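Colleague: What follows is each chain in one-letter form.
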Amino acid sequence: MPSFAKRAAAAAALVVAIVVANAMLSEEGLFGFGVPRYWAHVLMLAGVNVILAVSLNLINGFTGQFSIGHAGFMAIGAYSSAYLTVYHAQAWERSLGGAVGETAAGVVVFLLAILVGAVVSGLAGLVVGVPSLRLRGDYLAIVTLGFAEIIRIVILNMDVVGGATGFTVPGETNFLWVGSFAVITILVVHNIVRSDTGRALISIREDELAAEAMGINSTRYKVLSFVIGSMFAGIAGALFGHYTKFLSTNDFTFLRSFEIIIMIVLGGMGSITGSVLGAVVITILPEFLRQLPAVGGYNLADLRLVIYSALLILIMLTRPQGVLGEREFGFNWLRRAQKRPEGDEAVGAGGGVPIDERPARTVANEAGGDAAGGGEKR
Amino acid sequence: MDTFVQQLINGLTVGSIYALIALGYTMVYGILRLINFAHGDVYMIGAFAGFFLAHGLGFAAEPSVVGLGVTLVGSMAVAAVIGMAIERFAYRPVRKYARMTTLITAIGVSLLIENLGVVIFGNAPRAFPGLMENQTYPLFGNAAISKTQLLIFGVSVALMLLLQWIIYHTKVGTAMRAVSFNLNSAKLMGINTDAIIVFTFALGSALAAAGGVLTAQYNPTIYPLMGIITGLKAFVAAVLGGIGNIPGAVLGGLLIGAAETLVVGYGQVVGIPSTYRDAVAFAILILVLLFRPAGLLGTTVQEKV
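Heads up: the protein sequence lines correspond to chains A and B, in order.
Going by the working numbering, the letters in the first sequence line up with residues 1 to 378, in that order.
Going by the working numbering, the letters in the second sequence line up with residues 379 to 683, in that order.
The following block holds chain B by itself, in its conformation from the complex:
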């Protein structure tokens, strides 16, 4: 029982990071009907921005809450700028073309960031400095929760609540919802849709960067290709929850994280070796798309002729 609880806690920790990244996928998809393949790489950029901020500002040497906060917010800002640049220079010019074109562009941007990352940062993994003294609190039996895990839960929940507030209680959030409902009508109503799209990218990228820094606190190895698999899993999370649906992305992220950890923990019992860890998300994706393509919380959209 305590092992199960422990696995669940670990799974939900990973899951809340998937959820943070999935939010960016789902928001962009909701507005542009575009899978932003580069989103996972923005998560990587967030982690690296955090790495350089922490070292550059000296937080790596002496862990402190302020240092963690500054690193987190700083890397979110860097990623937001990168996200806006991606939208402005790669996606906006091809928006008028067929969807296949935008999809290939997105793949191209993703490959470009990854390979530039390899050239600039080098292929070797780096160790992210711990920005907070870690400590483990026993729950019951052998189950325990670490301070880092609490931090990840706390920050993710705070960011999700902030996002919820932005989307439902601010003017720009109302505009975002209008654009996602119908871009052309929103434009006719006087909404500066380009600005809203840029804002959506900035918001999503900032959340991904937060995910990057938080992951690095939990699992301190960062490398330029770290965003590929994590990004894909977060995308699966968004699809599982119902793409375009914000609570769905959170739910999907938590479920994927939990499923993955449970397969690693208990897979051997039913004959699934733990090396299948990365296949779990894809298997879930395929099942979801076959049996409930709209996702758990999504609604089916009738195709118009």
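So here's chain A without its partners, still in its complex pose:
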């Protein structure tokens, strides 16, 4: 099958899967087949967590900049989009509703609110990132943590979004939104990582000084990855806020940031599928623990944070690269058909014969040519 048709088929299958999943997660179910409400709730949160984990992985896993303030950007996205839907959405929907119909107007306005959440978070990421990404390692970690706390305290003091009493938000999110944005996040991060920008990010992670020596403007790329990561955190926050219908700054403490970190560390920093896996496992794990019998008078679900943190230490002690490390699975269908460029041998390797007149390549002479080329360089 030609690669385009394959990709289109995969995309169509994905859309169908999201629509079916949405129907099954909704109150009515799909022709009567539905997921119990409780599990639907868990799966929605898992979707939000996938967005958070994959976007944080772009910063922490691929760029190697250890941020522990992701919850702060999530909070910004949640509150800024909620501000729009609470104070302006009705008026906009009314003025739009006449032209395109009520449902479409609602969708457009909610999409707009999510995008505003993303943009505001991205701007915050820029403001935070430009100064702090000059710092390395531990310092960056602490500064991002500090910024996230400052963001939380500032929101706590803003009465227009409810302050300490919390903020009631209209609920618009269903799995159609969460699933689509999770897929978009994965695709965007995947494509960034496979692009030359992604190579630059990975080279910064591997050795920042060497990357700079190769002409990579490391500050620029670090800020870029930070801003993109923050934007998706903002999207996740917007979806989360409009799903839970109530925002409190307690949802965005650094414990939430740590939870996201545990997800990507578990799955493997530098693996997108790993983050997805980590996000799903960490979201569902407490629900499984809840069903296990109590141990020594404690319900295992109450011990979930103890288990997470012990798990975190255990992973670091035994497999610091995470379960998947940097490997991915099941992404082959996304890959573009690779065509080997012509004329990539070392200069002079062809003996001056024009490319068109050379004999067709075989595996054997290709391997031989590469080896010879390598030898010449050394």
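The hints are simulated quantities; they were obtained by calculation from the structure and are not laboratory data.
Quick caveat: nothing in here was measured; it's all calculated off a predicted structure.
Any given hint could turn out to be false.
[What the hints assert, rightly or not] Each pair of labels, with its calculated beta carbon distance range:
| no. | chain 1 | residue 1 | chain 2 | residue 2 | range |
| --- | --- | --- | --- | --- | --- |
| 1 | A | 214 | B | 650 | 44 to 50 Å |
| 2 | B | 503 | A | 187 | 46 to 52 Å |
| 3 | A | 255 | B | 572 | 30 to 36 Å |
| 4 | A | 111 | B | 645 | 38 to 44 Å |
| 5 | A | 115 | B | 565 | 54 to 60 Å |
Cβ coordinates follow ideal geometry from the N, Cα and C atoms, glycine included.
Starting from the known structure of chain A, fit chain B onto it as the hints suggest.
Modeller: Just chain B now, with coordinates in the frame of chain A:
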């Protein structure tokens, strides 16, 4: 004027506790280049150890100087053992890995202690017994200093002088300085670096525990998550003074304490509500890292390729 002096006294009281905790951060960082995230939680353990000692040995019922002393030293000993255990079982095995790994391990240890604390001690705050009769001495105007504040100043200064003596006038202190200068060279010179690292953790943890018991005398509410914010602020203090620099940690602690109290006291004047109290330390941290990353007393280290 007297209000200002009062605010300053209160700020320096809090600040000297930050300083005690910051010393542990700075010593461990100086030797291992590791932010010991669990340090704030060791401070919490110190406070709880003091709580159980005071109740178990009956000092809570009748306040006495002996009781206070025993509680203080006992909780310092408990925390020292915990600190050594953390180093031995969590940090030493990952020391050979990348710094990111040790950082995540440190976060993991911190979360583990906090959540174990919640499970074991319960989430509800407890009231720490007063181990000394409190009394207030008027200074001038409305300004006054309490006996507890004097105790906090006295004990902190004594412990800092003791630390100074250990580091500069004992063999183990010389070894600590050698290890912090260059771990591998120190090893080549025959220093048992593992033992020195364990000793550093014990020392730092004991100081944090002293901070915990002293805080509990000043502000008697203790709870399992009390170490998070205090620990972070103490870390900021260490960075402000220049991480790895011992007098810097003390200076940073006092400055953070004073700044925080002054913001609470005078913030309204310039439009900063007192709820921004916890943001002050982080704002200071960000400014320090932007304008003087080495800290007030630190020296810049050139990165080697």
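Colleague: Take the hints in turn and mark each one as holding or not.
Modeller: Quick rundown of the hints versus the structure:
{"no.": "1", "hint": "A:214 x B:650: 44 to 50 Å", "result": "holds, 45 Å"}
{"no.": "2", "hint": "B:503 x A:187: 46 to 52 Å", "result": "holds, 47 Å"}
{"no.": "3", "hint": "A:255 x B:572: 30 to 36 Å", "result": "holds, 33 Å"}
{"no.": "4", "hint": "A:111 x B:645: 38 to 44 Å", "result": "holds, 40 Å"}
{"no.": "5", "hint": "A:115 x B:565: 54 to 60 Å", "result": "holds, 56 Å"}
Figure legend: structure checked against the earlier numbered hints; every hint is met.
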